[in-house]
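Protein chains in written order, with our numbering: chain G, 1 to 424; chain A, 1 to 277.
Heads up, some of the hints might be wrong.
[Claimed, not checked] Label pairs and their calculated CB-CB ranges:
hint, chain 1, residue 1, chain 2, residue 2, range
1, G, Phe112, A, Ser102, 55 to 61 Å
2, G, Tyr262, A, Leu155, 31 to 37 Å
3, A, Glu46, G, Phe309, 43 to 49 Å
4, A, Gly56, G, Asp186, 40 to 46 Å
5, G, Gly206, A, Thr98, 24 to 30 Å
6, G, Leu258, A, Gly213, 39 to 45 Å
7, A, Thr98, G, Phe333, 38 to 44 Å
8, G, Asn73, A, Phe257, 37 to 43 Å
9, G, Val160, A, Arg129, 43 to 49 Å
10, G, Gly206, A, Leu155, 44 to 50 Å
11, G, Asn73, A, Thr98, 25 to 31 Å
12, G, Thr406, A, Gly56, 27 to 33 Å
13, A, Gly56, G, Val313, 51 to 57 Å
[Stated by the list, open to error] Non-contacting residues of chain G with respect to chain A, defined by C-beta distances greater than 12 Å in every case (computed):
hint, residue
14, Gln28
15, Ile58
16, His96
17, Phe112
18, Ala140
19, Thr159
20, Ile161
21, Ile168
22, Arg192
23, Leu210
24, Gly225
25, Pro350
[Claimed, not checked] In the SDA-like style, the derived pairs of lysine to any residue whose C-alpha atoms are separated by at most 25 Å in a straight line are:
hint, chain 1, residue 1, chain 2, residue 2
26, G, Lys420, G, Trp351
27, A, Lys164, G, Ala65
28, A, Lys253, G, Gly89
29, A, Lys164, G, Ser78
30, A, Lys269, G, Leu258
31, G, Lys122, G, Pro223
32, A, Lys269, G, Ser230
33, A, Lys107, A, Arg68
34, A, Lys167, G, Val160
35, A, Lys253, G, Ser101
36, G, Lys5, G, Asn15
37, G, Lys38, G, Val208
38, G, Lys229, G, Ala346
39, G, Lys411, A, Trp273
40, G, Lys38, G, Arg353
These are computed hints drawn from the structure, not numbers from a lab. Since the structure is predicted, the reported quantities are computational estimates derived from the model, not experimental observations. No residue lacks a Cβ here, since even glycine has one placed at the ideal position from N, Cα and C.
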Amino acid sequence: MAAGKRVPFKNPVVNWIDERLPVFTMMQKEYGSFPTPKNFNYLWNFGAIASFMLVTMIATGVFLAMYYTPEKNHAFNSVERIMRDVNWGWLIRYIHMNGASMFFIAVYVHIFRGLYYGSYKKPRELLWMIGVVILLLMMATAFMGYVLPWGQMSFWGATVITNLFSAIPLVGDKIVTWLWGGFAVDNPTLNRFYALHYLLPFVIFGVVFLHIAALHVPGSNNPLGIDVKSSKDTVPFHPYYTAKDGFGLVVFLIFYTLIVFYAPNALGDPDNYIPANPMATPEHIVPEWYFLPFYAILRSFTIDIHIPFTSIVFISSKLGGVILMFGAVFLLFVLPWLDWSPVRSATFRPWFRRFFWVFLISCVTLGWVGSQKPEGVPVIIGQIATAFYFIFFLVILPLLPLFEKTLPLPKSIAEAVLKKSQGA
Amino acid sequence: MLRNFAILVGAAIVLLAVIPIAATTGTAFLDLFETHPKEAATEAPEAKAPRTPPGGWPQQGPFGTYDRAALQRGYQVYAQVCSTCHSMKLLAYRDLETLGFSPAEVKAIASNYQVTNEEPNDQGAMYQRQARPSDAFISPFPNDQAARAGNNGSLPPDLSLIVKARKGHEDYIYSLLTGFGQPPATETIAKGMNYNPYFASHQIAMPPPLHEGAVSFADGTPATVDQMAKDVTQYLAWAGEPHLEERHQSGLKVILFLAVFAGVMYGVKKNLWSRLK
Numbered sequence: 001m002a003a004g005k006r007v008p009f010k011n012p013v014v015n016w017i018d019e020r021l022p023v024f025t026m027m028q029k030e031y032g033s034f035p036t037p038k039n040f041n042y043l044w045n046f047g048a049i050a051s052f053m054l055v056t057m058i059a060t061g062v063f064l065a066m067y068y069t070p071e072k073n074h075a076f077n078s079v080e081r082i083m084r085d086v087n088w089g090w091l092i093r094y095i096h097m098n099g100a101s102m103f104f105i106a107v108y109v110h111i112f113r114g115l116y117y118g119s120y121k122k123p124r125e126l127l128w129m130i131g132v133v134i135l136l137l138m139m140a141t142a143f144m145g146y147v148l149p150w151g152q153m154s155f156w157g158a159t160v161i162t163n164l165f166s167a168i169p170l171v172g173d174k175i176v177t178w179l180w181g182g183f184a185v186d187n188p189t190l191n192r193f194y195a196l197h198y199l200l201p202f203v204i205f206g207v208v209f210l211h212i213a214a215l216h217v218p219g220s221n222n223p224l225g226i227d228v229k230s231s232k233d234t235v236p237f238h239p240y241y242t243a244k245d246g247f248g249l250v251v252f253l254i255f256y257t258l259i260v261f262y263a264p265n266a267l268g269d270p271d272n273y274i275p276a277n278p279m280a281t282p283e284h285i286v287p288e289w290y291f292l293p294f295y296a297i298l299r300s301f302t303i304d305i306h307i308p309f310t311s312i313v314f315i316s317s318k319l320g321g322v323i324l325m326f327g328a329v330f331l332l333f334v335l336p337w338l339d340w341s342p343v344r345s346a347t348f349r350p351w352f353r354r355f356f357w358v359f360l361i362s363c364v365t366l367g368w369v370g371s372q373k374p375e376g377v378p379v380i381i382g383q384i385a386t387a388f389y390f391i392f393f394l395v396i397l398p399l400l401p402l403f404e405k406t407l408p409l410p411k412s413i414a415e416a417v418l419k420k421s422q423g424a
Numbered sequence: 001m002l003r004n005f006a007i008l009v010g011a012a013i014v015l016l017a018v019i020p021i022a023a024t025t026g027t028a029f030l031d032l033f034e035t036h037p038k039e040a041a042t043e044a045p046e047a048k049a050p051r052t053p054p055g056g057w058p059q060q061g062p063f064g065t066y067d068r069a070a071l072q073r074g075y076q077v078y079a080q081v082c083s084t085c086h087s088m089k090l091l092a093y094r095d096l097e098t099l100g101f102s103p104a105e106v107k108a109i110a111s112n113y114q115v116t117n118e119e120p121n122d123q124g125a126m127y128q129r130q131a132r133p134s135d136a137f138i139s140p141f142p143n144d145q146a147a148r149a150g151n152n153g154s155l156p157p158d159l160s161l162i163v164k165a166r167k168g169h170e171d172y173i174y175s176l177l178t179g180f181g182q183p184p185a186t187e188t189i190a191k192g193m194n195y196n197p198y199f200a201s202h203q204i205a206m207p208p209p210l211h212e213g214a215v216s217f218a219d220g221t222p223a224t225v226d227q228m229a230k231d232v233t234q235y236l237a238w239a240g241e242p243h244l245e246e247r248h249q250s251g252l253k254v255i256l257f258l259a260v261f262a263g264v265m266y267g268v269k270k271n272l273w274s275r276l277k
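So that you can see chain A by itself, here it is in the shape it has in the complex (with noise of 0.2 Å):
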């Protein structure tokens, strides 16, 4: 009796679910056979894949750390090129300080920029001061209009968590500095816009942005366009994740910790047990 009545049960709910669910793949199905000429043509291109540079990032890997003279001639690239256009509002001054900049040479890079303050002098006036090491970076426009209309109408990303906002990471940006060249002949390349395979439709509004000797590193590194593009990336990764190191320090010793303490509660667990028959 029972029986009979979850199968007729089970029967009509079945039959009410397989409609719904046959006419989709069935209609997908018929979709299999149709093609679609015209999405093919006006696709945009592919990007390509990134690419590691040779060696590979030195923060990478569990006991990856940031290579302090590549930070600081990042830095540098990023000042004296990048920050024409890009802002890193969520970095302040002082965040120098672990690039291995001293707090005096950091209130010396602080001081090149002006700042308007938060409050108003006595008399209720807005007024410009140098920025100290505890101001945010100074943005190289006013608001992302003046952006655009700097830039013949796009806008440059802020750059404080590129690395970690785009996929492929530091090898995609490596890849996009370095990946400027001549567009093939089936490609087009609508005015004002460069050719760049890595960009999601090849065409950038970003002209290249470094060449050859483009900055004078004080280290005496000759500033090739691989080695800027290598140097401001990880300066870009850091800024993206400041905390790399400790990070991957502390992770050590806590995974350490929790083996040892599985071992132990491993060895509770099966002495325990052991006792029982």
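Chain G extracted, bound-state conformation (with noise of 0.2 Å):
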């Protein structure tokens, strides 16, 4: 990564080490003088906020798991020990159990910002799929993650998603009793999800690094979308973007610490403050807001499909359910092939700009579908929005660039930014 000519540094010390091991001069190329284009807007923010977000999450995590207790008859009130008699245990649970949550706004910010703006183009494809690979594991480690604390809604919502795998042909059951570690979510799950929940994060950490390393190879996408010219387009990454991204970082810091100290149960469910009991199932059982969309779209599937003019059920509404909720996700690796248009940015492309905006809407009302009970009239909303999620990846993107009349690019980054200073 820092192989040829080395600028030696003016500090000894720091000269010292980097003749051996350039990590310094690493830093200063990836970090500090990186050519950046220079006309991001706020939306760029989000990595760097997601990043911060990772490490908030492992830090506090850590602490966490210092009192914590993984075991069925302790969890729940080692949680509580840490709420109520731990030195400022309330505060770092909080800001663990919230950050879950603006871990996952900050994602998916960053996600539909990628979206917009057609990041997952080529040559970014790879750094598209690496990311969706980051989205599934930090699906995994907070599902597990909720699971722990051991109320209610942990206990149903792991029985719930682990049940999911039941819906697999011949070895369904099987998988469930091995997910499991026995014949019902019990000590043993809760178990290996700590364990699993631990080792996770830095995995995340890990695959990120990479998703860092493929974006260092062609550089970011700007909202243009259009390819970096000349060094007249850019800035180097250190100042000016440290100096934003600490500034939307702290900004995104109000909102999340309003939230740890003003409504620390806002996004909770009342029901995990009841500690788990096999025997009394919720009245209402649901995930995490941040699962939502993929509830509602595992839910919008609601018959059987039978081999024709037999009896025989070939596809179980359960399990087109799990095929449709994967297959979701599965979309987002194959997107960058999906969308063939060679215009990136949906600025210039003011059909696909409109479908985004229906895409973006039905996505929220999935979201909301997700949090009503399974009956009558959310039931068909979330089909609709679940057909027009996989019409929007199967049919409009591909299509589309045969029908779309893209706007002119402009022909560099500089000249675009000129003319916008001038404009205004």
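Two chains, each in its own frame: build the complex with the hints.
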């Protein structure tokens, strides 16, 4: 990474280390002088914010792990001990608990930004796919973390989600038993979820490193979606984007701390303050908000598909839902090949832009549907929104470049920025 | 060539995807015209929306603090009324010092209860001793089975987190405690159950716990049902969230700091970027 000629550092200690292990040269190259398009808007802050959240979650999580007990008879009470008796334990726990939501907010904004400005397109396809891997790892980590307090929603959420795997034909039940470590969600399940919940964030950290490494090969996309043509188009990452990211991060922190200090339980379910009880199912099992759109997609498949003219069920509604839900994430992997328009930014794609907003609305709608009871009108709305989700990826994106007349692209970033500042 | 290929692939994927979606949406659409009279008839009545007492709760809002006098009265209601059936296992007697009780008073309160020592004595026998401030609240029943046996088969829930563990929180607890009454003619109440419109099924195993003058407050506050319900609700809110005041106060400092910090960072960013052409 730092091969070739090395520029010596003035500080003798730094220089001594850098001669032997060029970490300072690497930092200077990747974060100091790294040429970055000069026209980012504030949506480009969310990558840095997401990285900050990952570090926050690991840091607070390590301290929680010092007091948490992963045993079914003690887990709930050990969390309450942190909340009551451990010095500032309530703060660390509320930071961690709401941090999961903040991490997802940052990552969802980051993903939708990438979608709007075509950041997944050549040459950033692999960068995007690594990002989807991070999303999947985050989902697994968040899900297992939610199980650890061993409240009612922890227990029943774990039961519902692990049971999804029983939809897999033939081996489904065996897989579920294997996941549980028994014949029901029980102490072994809690133990392994704890082990994995501690492990996966470090895996995420590694994959984030790959994500950034892959980003630093072609460099960042930008709101115009056009390639960097000359050094006039860029500024060094430091101090320009360290300052801008810093400002954005502090504003985000204000929002985060408002929730931590003034509404720490607003995003959670009251049922999770009831200790897990395998004998009493909560009236309404709902996942955390960040899973609701996927939960809605899962429940949108309401019929069994039979082999024609027989009563043999070919795809049960459960299996269908599972296929749809995993399909919804899988589509993100192949997105770079579904949308083959050479123009990246939605700014120059009038029809893509319109469909993007409908897509965003349908995702929010799915989130609402996921929070409702699966009966009546929300089911229909959920099915329409699910249909649109798939139509967007599988019909609209592949066909749009055939019909859409894109707007003329500016010659360079520098020219567009200059024009904008003169116009204003 | 590439374009034609993309269209072909796209069309194939679309066909594959549209079939199940169309099937699902199709049947769901048909469901619209189906009625479910049987379900509607047996459906449990909706719980009434909980109400806030006039004046609200002193602990709510960004500057909210607990009313110490109300907490002490609330503890008295819990100790003399609720604790006959309901445990509060997550609290220790020493926690009561937060309510304004002196260490001596807490010691006296704890000494009213007997507890089995954690360790056996020198002869290896378990023995009973007076509770100390460091002991957790003594539960009214030795285990859940005994609690059920003593309550007609129903389990009185532990109250340590009850305000946080119910939708509606303080309002719900207050409404439930003051909401008992006679059922309307349309609703029948099972034997041994009590009518309360704020409870999920309108039928609750707990009989009305509060009666005018059930306790006598040392500070002379009249022990009306409404007063006792308000006080015990505040006490239960404190029990669930004992660090609320600390949280509200430190939150203010953190937000003020961040607001200033944001201003500084904005200035730095603005200044730096203005130097660019």
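Quick check: which numbered hints come out false for this structure? 5, 7 and 12
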